[in-house]
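Participant: Take these sequences, add in the hints, and give me the full structure.
Here are the chains, one letter per residue:
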Amino acid sequence: MQRLNYFRLTCIFLAQFVTVLLVLAIGSLLIVPEFKDVWQNLWSEEMQYSLKLSMVTGLISTGIVMVFALPIGYALSRFEFFGKGFTKTIIDLPVAFPELVLGLCLLLLFGNAFVKTLLESIGLNFVFTKQGVVAAQVFTSLPYASRIMKSTFDYINPRLEFVSRSLGYSMLETFIRVSLPLAKNGILASTVISFARCIGTFGTVLILAGGSYMKTEVLPVTLYLNISYGNMGMALTSGIVLMAVSFIAIYIFEKAEVSL
Amino acid sequence: MSLLEVIGLSTHLGEFCLKDVSFSLDQGDYLTIIGPTGAGKTILLESIIGFWTPEKGKIILQDRDIFHDPPEKRRIGIVYQDYALMPHFTVLKNIAYGLGKQKIQNSAKKIKALARSLHIDHLLHRKPHTLSGGEQQRVALARALAAKPRLLLMDEPFSALDPQTRQEARRLLKKAVQDTSMTVIHITHNMNDAWMLANKTAIMKSGRLVQFGGLMDVLSRPRSKFIAGFVGVNLLKAHIKPGLNGTSIARVLDTELTCQESTDFPHSGVIAVRPENIGISKSQPVLVKDWNVLEATLISIIDNGNLFRLALQFEKFKMDAVVTRHNVAFFSLKKEDRVYAIIHQDHIGICESQDSQPLENASCQADHQAHLCA
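Sequence order for the protein chains is A and B. Counting in my numbering, the first sequence runs without a single skipped number right up to 1125 at its last residue. Counting in my numbering, the second sequence runs without a single skipped number right up to 397 at its last residue.
I should point out that these hints are in silico values taken from the structure, not numbers from a laboratory. Backbone N, C-alpha and C fix where the C-beta goes; we use that ideal spot for every residue, glycine too. It is possible that some hints are incorrect.
What the hints assert, rightly or not - Dumping the calculated DSSO-like pairs for lysine-lysine here, alpha-carbon to alpha-carbon at most 30 Å:
no., chain 1, residue 1, chain 2, residue 2
1, B, K341, B, K312
2, B, K124, B, K96
3, A, K1049, B, K124
4, B, K312, B, K264
5, A, K949, B, K42
6, B, K79, A, K949
7, A, K995, A, K1080
8, A, K1120, B, K150
9, A, K1080, A, K981
10, B, K96, A, K1049
Stated by the list, open to error - Covered stretches of chain A (chain B as the covering partner; in silico rule of three or more C-beta atoms under 8 Å from a C-beta of chain B):
no., region
11, 1023 to 1031
12, 1041 to 1053
Facilitator: See the structure below:
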């Protein structure tokens, strides 16, 4: 039997105390509404629109995020280059940035006349549009994805890549044949976490895309708008959907055994 | 013409510097690189293979400077201490991985033949993590050999093996290398690897190659106290003068030793005697031509397992000798015994000093007696 140790007991107590608080908070979301109402709200026109827009933008954003996160994570893990520290800090910055401030920064950038005209010339407009929802989601979740990818590549023995190159494979061939297959758990975790972040992004979307009813309305915006109108049923339903996405994401993340 | 010439290679990696390393190897040479941890041995190998870009120098392989070639163009194989087997491949796929870029006829047959020669043909469909250390080591070797590299680099490939497996691995490696006339550079901390496999040896310290040469030359004639300590040699300060019939006389304080090596003029220098080249007898041996016989007191006996290290106090200096358990038992050797040390003239090397810690400082006892540096 282990001897009584107050430090050990305190640590365990604090961990369990916070767990109980979180379970209570999350549980209350499920206790308050009636299942019948949730089901009805789920099939309402607004919820269907919001759900569809969230899924579509979430999937597109996750795809874009992963296209960037893989090479960014690999570069930060494997290569030494000028300004590496600065690059890492700036890419990680949105993790610590308030979403509203990030949204404001993006609004100022993409709302700038010159940038706006330039983007419009290639068919892009991020200000108060659905494209803006994607841009907001991408900028919010990219730091998380690139951090996961960096730590994934950090865990892969670089000597495997060295050996592959000594056997005649180029850097790109080695990346495809060795690094990517070995990073599959990290890629899965990164994709799932990115998707959950994209679906759940609120502040950045609100500022850049506008959060307009049935136009740029994604699930967090539905929650916000309905709370504002006093429509708790719809707000709770979107909350439950967001929570379900988060649960699935965390479950897959834990299974993939990759830590941030 | 040399197969490999490394000329003035300098690599800067973080706070570590590989400084001005130069050496050359002929086809079929087996070089062991010995040195303390952090001496830059692995960085030297990885600079030769192209994983790090050196700041300056030349790497000439088969008459062509490969300094600017990427690793995939150099055809240099490497076997690491941790074997670096692809965990997502089977043994067969790991070995075949090196052949993937080469168009080789009957590649499956060749892989199987290679696997058979290294006794891993029964493991071909297993994943690396299910193999023992010795098996993984042989798979890594098979993978490197399958690609038919022009030069094979090995970074402490036996360090994780038990003594018995290590011995078997050495035997298999020696056969594989001899069969293919492969040129090898092998980093090791184990002198037995050098004894059994190498014909050349290099010693590294703080990013520099402090001695390079034939195996026996380096192990018998270290250029510094540091190297002597590393390769385990007795160093004695001596006054050396020409002897009869092309020999030299090394005078160590009041004791004279005859060396087979010749010297043209008297000078102060250092002689080196390997501990295993000192024979021990309790009775005075009949004087035989070419042998030096010295009387000594046995001041300590250290049991190193199958060998014993004896510390011998001569008239005014000390040396270590290594003898077998049988020797100790046969002569009933014990502390304070008077014994005779027998050293062949061929086994006394006259050393030259070239590195930053010159041999003149090797005998550093306060009373200026020559002493054991090993």
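Participant: For each hint given before, does the structure comply? Return the numbers of the non-compliant ones in rising order.
Facilitator: Per hint list: zero violations.
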